[in-house]
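Q: As they're listed, the protein sequences go chains Z and Y. Numbering-wise, the numbering used here puts 34 at position 41 of the first sequence, and it's gapless, one number per residue. One rule links them: number in the numbering used here = place in the second sequence (from 1) + 820.
Hints were generated in silico from the structure; no laboratory data involved. Hints are supplied without guarantee of correctness; some may be wrong.
[To be verified] List time: in silico EDC-like cross-link candidates among lysine to aspartate or glutamate, alpha-carbon distance up to 20 Å: (1) Z:Lys63 <-> Z:Asp46; (2) Y:Lys878 <-> Z:Asp94; (3) Z:Lys50 <-> Z:Asp31; (4) Y:Lys934 <-> Y:Glu891; (5) Y:Lys869 <-> Y:Glu835; (6) Y:Lys869 <-> Z:Asp94; (7) Y:Lys869 <-> Z:Glu89; (8) Y:Lys869 <-> Y:Glu886.
Spelled out, the chains give:
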Amino acid sequence: DAGITQSPRYKITETGRQVTLMCHQTWSHSYMFWYRQDLGHGLRLIYYSAAADITDKGEVPDGYVVSRSKTENFPLTLESATRSQTSVYFCASKLELSLTDTQYFGPGTRLTVL
Amino acid sequence: AQSVTQLGSHVSVSEGALVLLRCNYSSSVPPYLFWYVQYPNQGLQLLLKYTSAATLVKGINGFEAEFKKSETSFHLTKPSAHMSDAAEYFCAVSTFYNQGGKLIFGQGTELSVKP
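This is chain Z alone, in the form it adopts within the complex (with noise of 0.2 Å):
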């Protein structure tokens, strides 16, 4: 299916596991975003890509990776998970940099970090 996609949708770990979080457009959108999503703080910005290797810091990077090898798939990994990073994680894309060109987010995925 066109769009973009997030796997897995719900995941529970443990404290100090490795995680990573898939995202996959089918746009060739040259932009792409991790956001999280926290009661009382929208959303915020974790990582972002302008293309195929290169990525870029966000509002919230630390405890987070991000690789994009190809344009199409953007994961992030969380290296030794942490209860604090038990949130809601979205990703989202956009065509080019433009201030108005749209974002189209995935459907999230939910961890939780016991």
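Start from chain Z and add chain Y according to the hints.
A: Structure of chain Y alone, referenced to chain Z:
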């Protein structure tokens, strides 16, 4: 620094009543503004966006918003609420090209519609 404030984390209206969700922004440069809707267990979907072409912006599902520079506001309205409008609504601003032209989001407003 740019920021977005949504007044009221929860709004409840009766079916058929006016929906008004408030959004105020702070920005040192002309902003571009967005409203997104999030239905339960789903991602965010664009309702409408202000790109400086017109101050009154019409979106999907009968929603509209008016950009008021003097009030630094971008309130979302719908004349008659439907049960299907129950969801969480986010206002967001985009003003700088750093960090990929990221969106800065408000805290969200949960809309409940009573029969």
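Q: State for each hint whether it applies.
A: Status of the hints after comparison with the structure:
no.	hint	in the structure
1	Z:Lys63 <-> Z:Asp46	8 Å, holds
2	Y:Lys878 <-> Z:Asp94	17 Å, holds
3	Z:Lys50 <-> Z:Asp31	19 Å, holds
4	Y:Lys934 <-> Y:Glu891	30 Å, violated
5	Y:Lys869 <-> Y:Glu835	25 Å, violated
6	Y:Lys869 <-> Z:Asp94	9 Å, holds
7	Y:Lys869 <-> Z:Glu89	16 Å, holds
8	Y:Lys869 <-> Y:Glu886	10 Å, holds
Going through the hint list in order, the structure does not satisfy hints 4 and 5.
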